[in-house]
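Undergrad: What follows is the residue order along each chain.
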Amino acid sequence: MAATSIWLLPAVLLACGADEGADSGIETASSDELSIVDLGSYSVNDTGDFTGDVNVEVPAGASSVMAYCSGYGYAQLGKVWYLTTPDGTKVYDGDIGDETKWRSDWNDDMATALVPMTPKLALTDGTWTFNWWIGANNPGSVDCKAVIRLDEPTDTANIAVDLVFVGLDGLDATTAAADPNFQAALAQFEVEWSSAGLTPQYNYVDFAGDVAKYTVVDVTDDDFSEFNSLLRTANPANDRTLTFFLVQEISNSTSGTTTLGKSGGPPGAAAVSGTSKSGVVVSAIDYDSAPEDVGKIMAHEGGHFLGLWHTTEADGSHNDPIGDTPECPMSADANANGTLNSAECAGQGAENVMWWTLTSGTATLTSDQGWVIRRSPAAN
Amino acid sequence: MSRVIWAIVAATLCTSPAMAGENRDAVLDLLNAFELPGSETDFKALGEGIDTELMAIAEDATVPTSRRGRAVSALQFYPNNVVQEFLVGHLAAADKSLIRRKAAYSLAAGWGEASIVLLQSSLVDEDVQLRIAVVNALGNVDADLARKLLTEHKRVETEDAVKTAIETVLAKAVKK
Ligand SMILES: [Zn+2]
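Residue numbers (the working numbering), protein chains in the order written: chain Z, 1 to 380; chain X, 1 to 176.
Pulled out of the complex, with its shape left as it was, chain X reads as follows (with noise of 0.2 angstroms):
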């Protein structure tokens, strides 16, 4: 086994909701905040293992879906690739619609180009608000490449929701 599902099955081993870590309420006090959730600086804040915590809140059935999603849009601050394989195993999942748009917009925040690749593929998935989300994330990710691929897909995109965002996207990369 790798050294990266190792740490992915030892991260879930020890985050079960049943095993929440000490910070847990502090870091559900940062993902509950009404309007703006805390900054990387906030989460830094807290000290170590905090990534561990946040996938673990991540994964928590018990806790509210929005929550969830900012417990993933957190974990942008950690990149490492127990949190990448983390990230994609979410994108990727059958789950809460808002889980793998967070995930899409984690991945491009924390691994920039390199995330490229790994968000392509969500852009033709059945979801209308996934796509939206995967090409605001690409948008976020200042490199031609992405802005081709942004380009080329527009021209076989159905929905008009995820055009507008394509050009809306790629008008501010215009800007810039």
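Just chain Z, same shape as in the assembly (with noise of 0.2 angstroms):
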């Protein structure tokens, strides 16, 4: 899960409506396969508010929809908090925290959503309705856009991978296509997305930017400014790409702590460039000793950026939308400590790339985790 997600229901949640009517979209830019869609801007009460409708017209034959509303500042958090689909069924609303078919989680900045999730809950035809939540001391007015992906997926895809180097040791973009434990990693990378039928194709690039301020890239518990501004410098030459940025590692500097991996959402700003969700940041310190798992890491952040949860949330708290991915239930915590291990999931997640802590050997994605992946804008 996102470490900006705060599972805490805002105060004056009740105590605000929606606010004018959505414009339901003014086309800005298009291809064959993408349509870029502008929604409008959107009135909020600096109180916290919600957006009211914004509607995604959806035509016939659209595989996937990654709609956003940005530009609430770093210190707020939003999420979509009722999605209701061409046929008027509310399939999430956030007072319930329906989470069987679809899911939203708390970002600062840029709140994103992508559908579809899982296959029980297909893109279909027609008018989507987002309405999103955006909370206190925002600026006023948020600005909501949509990329729908046009073309159909087939069972196998393929999907541009920038990777970034930052400030790693005897690593670069010039150096890593020969350097064999950096190879190491993405041959994990890759045989663990290959079960999904995602291939990524790489483009090596050095980081142009502050590579001292970058090298570690600090984070608090409530400021992940310096993730975000990162994640802002991806420039792919192709929109539809997945920018890495490896560094040596993410901080987080009110717990001291190491962060492996983090993805911008989740979901990721799917074939959107520039902005503080466009992309993944690695913790990439221990590719010369333990490359595997830098490409583990990889694998997984990367299944978040495309739309994929945890199978099972450490806590239990959670399961992910998708109907085919095992689930442990919190009758295995043998050790009645609060926390599902690996040992006590063995074949009910544990073994997944999406299970909550990395483990040893190659993870898989089922059928249906490939095919929500496969449908990302990102893809290809």
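It is possible that part of the hints are untrue.
[Claimed, not checked] Covered, in the sense of this in silico footprint (three residues per stretch, anywhere, with C-beta under 8 angstroms from a C-beta of chain Z), are these stretches of chain X:
| no. | stretch |
| --- | --- |
| 1 | 30–37 |
| 2 | 67–73 |
| 3 | 113–127 |
| 4 | 131–144 |
| 5 | 159–169 |
[To be verified] Here are some chain Z residues the structure puts well away from chain X; computed CB gaps all over 10 angstroms:
| no. | residue |
| --- | --- |
| 6 | G197 |
| 7 | S317 |
| 8 | P326 |
| 9 | G338 |
[What the hints assert, rightly or not] No farther apart than 35 angstroms at their CA atoms in a straight line, the calculated lysine-lysine pairs in the DSBU-like style are these:
| no. | chain 1 | residue 1 | chain 2 | residue 2 |
| --- | --- | --- | --- | --- |
| 10 | X | K172 | X | K44 |
| 11 | X | K148 | X | K172 |
| 12 | Z | K101 | Z | K120 |
| 13 | X | K163 | X | K148 |
| 14 | X | K96 | X | K148 |
| 15 | Z | K213 | X | K96 |
| 16 | X | K172 | Z | K213 |
| 17 | Z | K90 | X | K148 |
| 18 | X | K44 | X | K96 |
| 19 | Z | K213 | X | K154 |
| 20 | X | K154 | X | K172 |
| 21 | Z | K120 | Z | K90 |
| 22 | X | K163 | Z | K213 |
| 23 | Z | K101 | Z | K90 |
| 24 | X | K163 | X | K96 |
Think of the hints as simulated: they come from the structure by calculation, not from any bench. Backbone N, C-alpha and C define an ideal beta-carbon position, used for all residues, glycine too.
Take the two lone chains, each set in its own frame, and fit them into one complex as the hints suggest.
TA: The following block contains the structure:
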């Protein structure tokens, strides 16, 4: 789960209502396979407010939509509170937190949403209605857009992957292609994603910004500005790219501890560059001593970016909305310590790429997880 | 030999990789978490002797550096004399920079104002990333002495990234 996840119901939620009606979409750019739609600006009360209904018109044959509202700042959090399908069914309600078919999480600056997250809720043509909640002390309005993928995915897919090297000792865009350890990391990444029929195609890039600042990406429990500003530098040749920033470490300076990897979102801002959610940051300090672990972190965080969640959270509080992933119930907590560990959940999700903790051996993705990630606007 | 040193020797002897404790797998599961490693509650729920296990993992060269660092971070939840000596040793040692940084954070988190004197000399270490970590760690110590030290160090610091870290930490202190 994203480190920004804070499952707090905004105290003023019930006092606020939706405001102006939504413009149903002004198409601003398109290609044969992607349509970028400007959904308009929405006023929000600075005590915390809903955007009101934001309608996304989905054409027949479209395979996925990544919608977002942004520009509310790094100190505020936002998420989708309601999602309604074209037939009028409310499939997500933040008051209930129903996660059987869909899920939304708190994010600063840019609240992303992806459909589909499971074959149980495929994208159908018609008007999909999103309603975001934007937290207090926001600037008074947010800008919303959508990326609609128009082409039909196949059983196998490619995805462009930019590998951006930031201050790793002995590893840069020139040396990485021939570095046996780094190639071992990529091999692990590839084999774990191959179970989902997704093949990465690499572009090696040296970070052009302030290396001293971003070699260790410092975040705190409530300030992800350094992480966000690094992701904003993502500038791939093609927007349908997943950018991995390979830094020495992501460090949480509140607790002092290391985060192994963190995805924008999740889900990430697929096929949108230059935003605070446009990629993934990986702590790659172990690329030479434990390269397979670095590959596993890439596979897991890339999965989050493309719309996957943990199969089961460590505390058993959530399962993903996917039907064919194993779930590990709290009854498996044999030592009753409140954590579902890998041994307790053997055969019940611990072998999955999206298990909450890194395990030995090659993890896999299920058929339905593959179905989801191949539909991402970032895949091709 | 002092009791503290005896305790360190005992801990080291008892925690060589070949003698990994029965909690090793459960502790490593928490340290291996992709995003957020275990909380204090998670580690404490594993029972007694976890600080010893964490020190063993932190010194186990077969464990990836990031996870060794996480073990050092988790030691902040066990503020006893043995752990303090262990952390001071790893802060000063010619060890991996990441391990040194985690030791700095854990000393600040576990010992508060008493850690200032332990951290002060690392503000002038040649390792820029360690200096940034010490700045952040001192920023977590809510004490006038820590802020005074950072203000004075900013005048002599040559690296922009460290100066920026000091400014950020002091600005947050003013907001409080
Ligand atoms: Zn995760």
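Undergrad: State for each hint whether it applies.
TA: Do the hints match the structure? See the list:
| no. | hint | in the structure |
| --- | --- | --- |
| 1 | 30–37 | holds (count 7) |
| 2 | 67–73 | holds (count 3) |
| 3 | 113–127 | violated (count 0) |
| 4 | 131–144 | holds (count 6) |
| 5 | 159–169 | holds (count 5) |
| 6 | G197 | holds (22 angstroms) |
| 7 | S317 | holds (13 angstroms) |
| 8 | P326 | holds (17 angstroms) |
| 9 | G338 | violated (6 angstroms) |
| 10 | K172(X) <-> K44(X) | holds (31 angstroms) |
| 11 | K148(X) <-> K172(X) | holds (14 angstroms) |
| 12 | K101(Z) <-> K120(Z) | holds (6 angstroms) |
| 13 | K163(X) <-> K148(X) | holds (14 angstroms) |
| 14 | K96(X) <-> K148(X) | holds (29 angstroms) |
| 15 | K213(Z) <-> K96(X) | holds (19 angstroms) |
| 16 | K172(X) <-> K213(Z) | holds (19 angstroms) |
| 17 | K90(Z) <-> K148(X) | violated (56 angstroms) |
| 18 | K44(X) <-> K96(X) | holds (27 angstroms) |
| 19 | K213(Z) <-> K154(X) | holds (17 angstroms) |
| 20 | K154(X) <-> K172(X) | holds (16 angstroms) |
| 21 | K120(Z) <-> K90(Z) | holds (14 angstroms) |
| 22 | K163(X) <-> K213(Z) | holds (11 angstroms) |
| 23 | K101(Z) <-> K90(Z) | holds (11 angstroms) |
| 24 | K163(X) <-> K96(X) | holds (23 angstroms) |
Of the hints listed earlier, those the structure fails to meet are numbers 3, 9, 17, in rising order.
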